[in-house]
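Participant: Sequence positions in the sequence shown follow mature numbering (1 follows the signal peptide of the UniProt record, and there is no 0) and run -27 to -1, 1 to 319.
Honestly, the hints are just simulated from the structure, not real lab data.
Watch out, some of these pointers could steer you wrong.
Computed beta-carbon distance windows for the label pairs [unchecked claim]:
{"id": "1", "residue 1": "Thr116", "residue 2": "Glu246", "range": "32 to 38 angstroms"}
{"id": "2", "residue 1": "Leu192", "residue 2": "Ile252", "range": "38 to 44 angstroms"}
{"id": "3", "residue 1": "Trp55", "residue 2": "Glu210", "range": "34 to 40 angstroms"}
{"id": "4", "residue 1": "Asp277", "residue 2": "Ile252", "range": "32 to 38 angstroms"}
{"id": "5", "residue 1": "Glu246", "residue 2": "Thr22", "range": "22 to 28 angstroms"}
{"id": "6", "residue 1": "Gly318", "residue 2": "Glu238", "range": "42 to 48 angstroms"}
{"id": "7", "residue 1": "Val56", "residue 2": "Asp251", "range": "22 to 28 angstroms"}
{"id": "8", "residue 1": "Gln293", "residue 2": "Gly146", "range": "33 to 39 angstroms"}
{"id": "9", "residue 1": "Val186", "residue 2": "Thr22", "range": "29 to 35 angstroms"}
{"id": "10", "residue 1": "Pro284", "residue 2": "Thr305", "range": "40 to 46 angstroms"}
{"id": "11", "residue 1": "Gly318", "residue 2": "Thr116", "range": "46 to 52 angstroms"}
{"id": "12", "residue 1": "Pro237", "residue 2": "Thr305", "range": "32 to 38 angstroms"}
{"id": "13", "residue 1": "Glu45", "residue 2": "Ser289", "range": "39 to 45 angstroms"}
{"id": "14", "residue 1": "Asp114", "residue 2": "Ser289", "range": "48 to 54 angstroms"}
In this text, a Cβ means the ideal position worked out from N, Cα and C, and glycines have one as well.
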Amino acid sequence: MSAIIRRTVPTIAIAGAMMLMATGCVAGENATASDSGAADGAQEWSTDTLSIDFATYNPLSLIIKEQGLLEEALGEGVTVEWVQSAGSNKANEFLRAGSIDVGSTAGSAALLARANGSPIQVIDIYSQPEWAAIVVPEGSDITSVADLAGKSVAATAGTDPYFFLLQALETEGLSVDDIQVQNLQHADGRAALDAGSVDAWSGLDPIMAAAEVESGAQLIYRNVDFNSYGFLNATEEFITEHADVAQVVVDAYEDARAWALENPEETAALLAEVAGIDIEVANTVIQERSNLDVSGVPGEAQLDVLRVIAPVLVASDAVQGGQAEIDRALDTIVNATFAEKATEGR
């Protein structure tokens, strides 16, 4: 597998060095003049550790990890610590606790976290996915969202599938009070569906696609407009104190995107390996439900989606400060600086 995937990618180490030379940027706000370049010509960075997540719902993170793009660009001076996120809620927990510097979530989850006081900003967009849907077991009598009334539904609070569920219910004049929500992590939601412990599940790929193939699960409601973009988020402290390393991360994401678009089959094979799923399932996720050919620069396209989701968050009482905090989060969540630099000339 590694022999297939580990091919030459446009080197971010050279690009990063050229960018720093061209801008005269120092290695972070705390860096001194002597820190910006060592006497022996080796690159000096503003930190000696980068903690970053990888997730099966973020294919670009798998490529970056597998190909060692960050390790290559940062060299021996920075230790890259990889942490797996099982869902947006977990990535947000890690970011808020400061146990990772950069983490991948759905846009809706990032907005909720920001509105509730988590000091994060989106620095790159990794995909425009259709990764959530309402799922029922094979042979279920439930065939529509309206049929969910009074039923038990598994969903992971604080993630896109949960907010997808709320929006889906709204289309039939229902609310979360009309169903019994079982707050389970994504994989546990699928297990509960397979075991008959819940009537339905608001699922997430690639686990959802695996349930279709392996268990005959049926997607009874899909709506791509209810799925928010894939956000790569960083803590404000990391952005401010380690802008040089943040730029390397975003450069790596853009290199990984280019590689994934040129190599969809290899990307699917990597997802299958890491997620432990069949290659048929991985191909469905990568080639049918994940639009990786999207601009990495966060901006109005993402905010437009979040503005639609925002009232749902407020109505569900998920936002502690209500509409005022949602508005503040919408005004401050985007930091396009790094992605703009990374995509220049591409």
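Participant: Now, for every hint given, state plainly whether the structure supports it.
Facilitator: Hint check:
1. Thr116 - Glu246: 32 to 38 angstroms: holds (35 angstroms)
2. Leu192 - Ile252: 38 to 44 angstroms: violated (20 angstroms)
3. Trp55 - Glu210: 34 to 40 angstroms: For Glu210 against Trp55, whose Cβ atoms are near 20 angstroms apart, the range 34 to 40 angstroms is violated.
4. Asp277 - Ile252: 32 to 38 angstroms: Because 35 angstroms falls inside the window, the suggested range holds.
5. Glu246 - Thr22: 22 to 28 angstroms: holds (27 angstroms)
6. Gly318 - Glu238: 42 to 48 angstroms: violated (28 angstroms)
7. Val56 - Asp251: 22 to 28 angstroms: holds (26 angstroms)
8. Gln293 - Gly146: 33 to 39 angstroms: violated (27 angstroms)
9. Val186 - Thr22: 29 to 35 angstroms: The hinted range 29 to 35 angstroms is violated for Val186 and Thr22, with Cβ atoms some 39 angstroms apart.
10. Pro284 - Thr305: 40 to 46 angstroms: violated (19 angstroms)
11. Gly318 - Thr116: 46 to 52 angstroms: holds (50 angstroms)
12. Pro237 - Thr305: 32 to 38 angstroms: holds (35 angstroms)
13. Glu45 - Ser289: 39 to 45 angstroms: holds (43 angstroms)
14. Asp114 - Ser289: 48 to 54 angstroms: Violated: the Cβ-Cβ distance is about 27 angstroms, outside 48 to 54 angstroms.
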